[in-house]
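Can you make the complete structure from the sequences, with help from the hints?
Residue numbers (UniProt numbering), protein chains in the order written: chain A, 1 to 176; chain B, 1 to 358.
Derived from the structure by calculation, the hints contain no laboratory data. Keep in mind that this is a model prediction, so the values were computed, not measured. Treat each hint with caution, since some may be false.
To be verified - Taking beta-carbon pairs under 7 Å as the criterion, some of the chain A residues facing chain B (in silico): (1) 9; (2) 13; (3) 21; (4) 38; (5) 41; (6) 42; (7) 45; (8) 101; (9) 105.
Glycine residues also receive a C-beta, built at the ideal position from the N, C-alpha and C atoms.
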Amino acid sequence: MSDKEAEFREFVGAQMESLRGLAYLTCGDWQVAEDAVLAALARLYVKWNRVDKPDAYARTAVVRAAIDETRRPWWRREQSHSHAALPEEVAPDPIPHADDRVQLRQALSRLPVKQRAVLVLRFLEGQSVQQTAAALRCPEGTVKVYTARGLDALRRVLGVRLGIDEQTGGRHEATV
Amino acid sequence: MKQLSDLLEEAARQDAPPLRHTVDDVVIAGKRRTTRRNFGWASVAAVAVAAAIGVPQLLIPRAPEPVPLLVAPATTTSAPSAAAAPKAAYSFKGYAAGRLRVADPTGWRLADQNAEIRRGATTVGTLTVYNGGVDPRRVYRDGTVTTTDPVGGHPAVLIVPKDGEAADAMLAWEYGRGAWATVAMLEPNAERDARQVAEAFRSSPAYDVTIPLRAGTVPPGYQIMSVTVGGGEATVLVAPAAAVRLMLLDPDRRYPSAKFGNAFSGLVFELHPRTTGFLKPTGSKVVCETYENATNGQPCAKLAADGRYVVEAHGPATSKRADAIAMLGGVTVADPADPSTWYPLDKAFPASAQPYRD
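Now the structure itself:
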């Protein structure tokens, strides 16, 4: 095994689980998320010698791959059926600590995939508007609109106050 | 009060099922990808088979380097003139290809028609049948085109689009004189499937493109550029007539972005299930939204088909909200789930908007 391959293996071992979480929040399906991670990391393997910041590359590639997975027509059909089954307002969960998490996942699942991706990149990954725009290959204006819309939608679905403080200490924060 | 970032971190971590793949799986997938890049599609199949049965792979010959084909530049005889614009019609029907099935076509554009390839209920690829004169070797001129074995005796090539991976290679073949089609499979190592689909392809007598919506009001000076239906959704792009004219003068029927900008500068009619989309109309109310940096004008939407669907209309970037409301007001929706109720395109849009000239 070459040093490069050992490096790659170490990277994958350390990052695979968190990358899957990133993909999951983007596409809303654990299995699809793992497929997206596998595809993105296989691409990274090919470019391993040429990528300066593998962590940033992997996280962007995973989000893009997760978005691509959701564009497949069969997946979209499945999503539209599952969305139809969701209640307009999310019922309180009997387990209080799981409640926030479940509600957030359901709220995210109601957003278009690119809006989800924007929220995930900005508030989980702490990326700026400019970085998010570059990662998703869309104009900065679109990122701003999606951020505002996504937060607004979360507010509506979660039924709680959701504030945003732009770039606090290098990280973009919103509170619920 | 919790930070959204903390909630997202929890949601991304908690309740996660065990990983199905290991680091080894990732490395193997990466190596396969490298192999595909280095050896080409045909050799990958051989490597996969050899790996499966444990045969040493040292003797597998390296495939020849891709050699760009000489694609004849468009000439006046092959280039369609605006007067020769295609009528909006499909020229093939769904068919079986071994264990795969090609669905009826669900997309029509000035350049081509396309259909999903399915294995059971899963979409595994796309068949694109180019309208007369459009040559995929020229369409993908920035990519890599490599000769491959003929399909049913017809010339065939493998095409990897620019910046694509070898895994993105599609099979293209000239099924009739000057008439090309491509098969793009989503799965890697699927050349055999692609060939099966290609070899079973037959064209049919032309028949109507139908859609589940009818537009009563289309501003003058716009013509249909593309229609996409399927999965309970339908989209009709109606481009400025000047753009359509330029597309028809281009042998590959490309949208003239250089002149009309990268964003689509025409009208959009969309139908989709109520559970998707940005705009959420309720009751009989029309709702509109103003996008920051709008590129498709101001979209307006209303409920349709007993409230199960939403129909949206977008004017061009320069349009006013009243234009979109007027377009939307004229829209009638059939039953999106029942294609027998759909409207032929030439009845669904006014003559002025039809993508061909009589």
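Evaluated hints:
1. 9: holds (5 Å)
2. 13: holds (5 Å)
3. 21: holds (3 Å)
4. 38: Constraint on residue 38(A) satisfied, holds at 6 Å.
5. 41: Hint holds; residue 41(A) Cβ to chain B Cβ min 5 Å, cut 7 Å.
6. 42: holds (4 Å)
7. 45: holds (2 Å)
8. 101: Nearest chain B Cβ about 5 Å off; hint holds.
9. 105: holds (5 Å)
When each numbered hint is compared with the structure, no violation occurs for any of them.
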